[in-house]
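Number of protein chains: 2
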Amino acid sequence: MFDSTAPVAPVVPRHGRLRPLGLSEVRITGGFWGERQDVNGAATLTHIESRLESEGWLPNFDLAAAGALPEGRRGREFADSEVYKYLEALAWEIGRTDAAAADPLEQRFRAVVSRIAAAQESDGYLNTRFGRPGQGDRWSDLEWGHELYCLGHLFQAAVARHRTRPDADDGLVGIARRAADLVCREFGADGRDAICGHAEVEVGLAELGRALDEQRYIDQAALFVERHGRGSLREIEWGQEYFQDDVPVRDAEALRGHAVRANYLASGATDVAVERDDAALLDALRGQWERTVERRTYVTGGQGSHHQDEAFGDDWELPPDRAYSETCAGIGSVMFSWRLLLATGETAHADLIERTLFNVVATSPAPDGKAFYYANTLHQRVPGVPADPEGTSPRASSSLRAPWFEVSCCPPNVARTFASLAAYVATADDEGVQLHQYAPAQVRTSLPDGRAVAFDVATGYPVDGTIRITIVEDAEFVLTLRVPSWASDAVLRVTTEEGLSEKSVLPGTAAVERAFRVGDVVELVLPLVARVSAPHPMIDAVRGCVVVERGPEVWALESVDFGADVAEAVVAGDPVEVEGRVALPLRRRSSGEVAEVPLVPYHDWAQRGPSTMRVWVPTV
Amino acid sequence: MFDSTAPVAPVVPRHGRLRPLGLSEVRITGGFWGERQDVNGAATLTHIESRLESEGWLPNFDLAAAGALPEGRRGREFADSEVYKYLEALAWEIGRTDAAAADPLEQRFRAVVSRIAAAQESDGYLNTRFGRPGQGDRWSDLEWGHELYCLGHLFQAAVARHRTRPDADDGLVGIARRAADLVCREFGADGRDAICGHAEVEVGLAELGRALDEQRYIDQAALFVERHGRGSLREIEWGQEYFQDDVPVRDAEALRGHAVRANYLASGATDVAVERDDAALLDALRGQWERTVERRTYVTGGQGSHHQDEAFGDDWELPPDRAYSETCAGIGSVMFSWRLLLATGETAHADLIERTLFNVVATSPAPDGKAFYYANTLHQRVPGVPADPEGTSPRASSSLRAPWFEVSCCPPNVARTFASLAAYVATADDEGVQLHQYAPAQVRTSLPDGRAVAFDVATGYPVDGTIRITIVEDAEFVLTLRVPSWASDAVLRVTTEEGLSEKSVLPGTAAVERAFRVGDVVELVLPLVARVSAPHPMIDAVRGCVVVERGPEVWALESVDFGADVAEAVVAGDPVEVEGRVALPLRRRSSGEVAEVPLVPYHDWAQRGPSTMRVWVPTV
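Heads up: the sequence lines are chains A and B, in that order. Residue numbering for the first sequence follows my numbering, beginning at 94 and increasing consecutively. Residue numbering for the second sequence follows my numbering, beginning at 94 and increasing consecutively.
I should point out that these hints are in silico values taken from the structure, not numbers from a laboratory. Wrong hints could be hidden among the right ones.
Taking CB as the label site, the calculated pair distances span [unchecked claim]:
hint: 1; chain 1: B; residue 1: 370; chain 2: A; residue 2: 165; range: 53 to 63 Å
hint: 2; chain 1: B; residue 1: 686; chain 2: A; residue 2: 622; range: 34 to 44 Å
hint: 3; chain 1: A; residue 1: 228; chain 2: B; residue 2: 691; range: 52 to 62 Å
hint: 4; chain 1: A; residue 1: 578; chain 2: B; residue 2: 599; range: 50 to 60 Å
hint: 5; chain 1: A; residue 1: 475; chain 2: B; residue 2: 283; range: 32 to 42 Å
hint: 6; chain 1: B; residue 1: 499; chain 2: A; residue 2: 688; range: 46 to 56 Å
hint: 7; chain 1: B; residue 1: 328; chain 2: A; residue 2: 228; range: 20 to 30 Å
hint: 8; chain 1: A; residue 1: 228; chain 2: B; residue 2: 163; range: 48 to 58 Å
hint: 9; chain 1: B; residue 1: 691; chain 2: A; residue 2: 697; range: 49 to 59 Å
hint: 10; chain 1: B; residue 1: 328; chain 2: A; residue 2: 683; range: 31 to 41 Å
hint: 11; chain 1: A; residue 1: 688; chain 2: B; residue 2: 703; range: 48 to 58 Å
hint: 12; chain 1: A; residue 1: 578; chain 2: B; residue 2: 686; range: 27 to 37 Å
hint: 13; chain 1: B; residue 1: 688; chain 2: A; residue 2: 107; range: 53 to 63 Å
Each residue gets a CB set at the ideal place from its N, CA and C atoms; glycine is no exception.
With the hints as extra help, turn the sequences into a complete structure.
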């Protein structure tokens, strides 16, 4: 049964242009994303829990419960949050797979929750790093302490649990509620006039408020959003923009500073703007999104061009070799874009989500789901050194995927995103359903007036460009399909009892309004051919280079295919394509030799051992 | 009187291809560098001492002497070293200006030395940060503690004092000797098998050994050099190459890791190679220098393309907008190149010294000598914010020169370099004198066989290209002049009683061997015209751009001259020159408007308030 009244989704605005379809309405049934969801469920979640145990981040809660923590606590100040993100991932996975109460996933979930519950203090405070004898006082280090950040992730986990298992008696929602009440008491209008150095509590509180119908939480999120930009956090070497505490959210022109913080804050601010009907704030955020996408976003969708402060650079500062493009910043960008898509209905947001999912989020995990990129460079100059599969790596220096990091935010962030991915595929409005992302799927929902909408999606996307939608229940509605911005020769084909109609459609959306009958087929045929793109002339770092794209995928040149360091490569012709694989004629700078060299989709790079790699290839 | 037996210079190898001429043999009498030396003596030294007092770094020694340090100590772990570099600068300035014992400079010097002396422990240990109750144990944090690093700077200060005032009774040389003896006891062949995380003690010990004729110190320096590259320092996020502890010095192919550490280590290793006649080590260092200059050095001579770890990037990774190009790395590069020049006589080393002095070291200080660049970007995308003249800035984020930094290594490093600059101008061998850098100067020395060599240099270099050398004492010798690598149409003119002879000379050296008579004039005429250079095709970050150079100076485009953000600029013609000032025809990207826009020598940029700036200008 599908329940369309309360979508089982991470983001459920009370209003907006589009209503999200949740995990009970959309099921990904295979293909590119389905395979990744399966690996995530079968391997990644176990890998993460194993590391959370062995690194001590989960045992920290046991130590806290036993009153034995200070010297024994392990991990960085934000280690608690990884446990919460893991819980969130588990909750979505339980929802996605319809795991029963006796299922091992459910048992694991409950076991973790009970360990967290034991560590919560009587007034709701929950953090293994602060507040005990021998530790810093609660809220004494708002710049770096990450206490509110950790709680934000707790709230998101509780939201996932509440939406996937509303009747569960494990207690996670109660834990979150007690912590959220504490936050409102401590940081409310009459409390500490302060913010957290890492935004996240805003988005967590806003969604918890939506899920539990607690306006207080949304108002508290709004307080935190509005308090940014007054310089209440200490000056640091990288400036207060690192924390987005340099300029008020509604006055900023672009995302800036730490790229994860910036996207999380923008996501929370969008939630607040929507819930409070704050058109001025929403407009400011839309403007920031546009400027950021135009001038501060890599061709992969990646964001953040500084290693030092994991931050956005200035406008047009997009060096491929020093791209930081943190996996979590990509996920944060998807979060922000999705909220704007729900609020505005503009397909540009879905275009960026697609670009970022295929070229950042999908790039991070190895095929086995047990190693990850934290940073996603667009140019690897020196072959990397394989990471120790039992070891823990620094964040960005590993040039091959690593199993775990000292700062290990990315693996559980990928896990929760994959487990909830079906919630980003489609939306509905009063008249019909909008399909934003293309994957083999079942869509079953009903419109506000009770019309049941049910169809299946079959596609080999992104290798193949045909998306075939078959109606499985009679209903009159508008089916709207996103035509990606790169799809300049797309065709829409509708096959019914009455015959075949076919037309060209332009980038944006293609809608079919009709009284659909079971067996009707709507096909969107996207022109999946390799295309060459030149960079914006203002981007200094890739002047004189081009990139090859095919559909939503950016393609990369690896030395293992070129037979030489990619520094030697100069484009010598147009890309050619054989059965969905792309090759590019390249000249070797030193020898002048020309050959057609296979490229790989960027998300597949570094899967054949150490090599050099580049996405932007010189033409001179 | 000139004393040529023991040059008054920072670097005095016992043998090698060339013998340095010291401050008693070469005096800079004005011009570009003379003005900077005067500002350094009149303003910078006082500015530094005032900050060392107000920041607490000099009072730390008083606290240490009074046994009152732990909570009261101020500054970073390497704060002691800034006091030593200041002392070194004072010592050279006293030597340069022949300050008498009653001179305020001499009084200041003695006052600082007595405060340091009071803080030295009975066994020779000297550091305000370690070894007391409430502090870390001595040598307990070799990665970051900087104890040996600080002592290396103490040794260099003592060398400066010993060479400029060999009979002084202030005690600095004794302090250094006791500390060096302690280092040899603690870290000798039978002691701790360890190195310091920041190279510097190697170069300090080697020179102290030369100055005091203590082979033990040189051998200890050799031990430290050879111990690098065995991974004895802890792994850190940026890898052991940060400390040059990844690969043995004699096996490395290029400088790598932290650019100041790398150059200081290479300098010490060159000293060791020369003193121990270790041709294999010297060859390795020459190879590293060549590879580093070809692939890891900016057009300014700047080194270091990573902000995060203040490090060299990979080969060809030279982003102008994220150039770190730390002032101290430039000074370290001059130190390394100078040692190789003395050892080999190859003019390429002097070429790089000139490039680096004019475009990195001269760029750092403001004209008033009281504000500095720590990092030297080649592309300023956003107008900077003026630094508070009373404040203390982070290292690299200030985009206008700042009076002081939390890590304030650069100001005293510039000061000691300027005060000793005459020692980098000329050298001698058995047959004559070599002039490497061009400035108005007096040169007075004698060759090993007793021949007195005396001449004056007059020049308006680098604005004017004529270097006029007038002989002031009869003598037969070979006068060798460096012809810079960019000087493709240089002319050498010799005017004697016999008349004028003139010939074209090629880049490299031009030598005149004759029995010079008083009044003979040798003129080197260098073609000082603006020239346009394209980057090496392997440097990705500036593909499709050109740089304008004139003589040794790199020129820059500033928005204040362009009348628009420099991001708008596209080259529209060849540079033109009016009275030594260079202008470049530029097209505005948005409007298409073309105008001749004045450029400024890079070292003069950011002297007219906040502006955007670029050195590499797009041609497309």
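Here's how the hints hold up against the structure:
1. Against the hinted window of 53 to 63 Å, the Cβ-Cβ separation of residue 370 of chain B and residue 165 of chain A comes to about 56 Å, which satisfies the hint.
2. About 39 Å separates the C-beta atoms of residue 686 of chain B and residue 622 of chain A, a value consistent with the hinted range of 34 to 44 Å.
3. The hinted window of 52 to 62 Å between residue 228 of chain A and residue 691 of chain B holds, with their beta carbons roughly 60 Å apart.
4. A hinted range of 50 to 60 Å for the beta carbons of residue 578 of chain A and residue 599 of chain B is consistent with their spacing of about 57 Å.
5. Evaluation of the 32 to 42 Å hint for residue 475 of chain A and residue 283 of chain B yields a pass: the beta carbon distance comes to about 39 Å.
6. Look at residue 499 of chain B against residue 688 of chain A: about 52 Å separates their beta carbons, and that is inside 46 to 56 Å.
7. Between residue 328 of chain B and residue 228 of chain A the Cβ separation comes to about 28 Å, which falls inside the hinted range of 20 to 30 Å.
8. The hinted range of 48 to 58 Å is not satisfied by residue 228 of chain A and residue 163 of chain B, whose Cβ atoms lie roughly 22 Å apart.
9. The given range of 49 to 59 Å is respected by residue 691 of chain B and residue 697 of chain A, whose C-beta atoms sit roughly 50 Å from each other.
10. Between residue 328 of chain B and residue 683 of chain A the Cβ separation comes to about 35 Å, which falls inside the hinted range of 31 to 41 Å.
11. At roughly 50 Å, the beta carbons of residue 688 of chain A and residue 703 of chain B sit within the given window of 48 to 58 Å.
12. Checked against the hint of 27 to 37 Å, the C-beta distance between residue 578 of chain A and residue 686 of chain B comes to roughly 32 Å, which is consistent with it.
13. Look at residue 688 of chain B against residue 107 of chain A: about 56 Å separates their beta carbons, and that is inside 53 to 63 Å.
The structure shown violates just one earlier hint, number 8.
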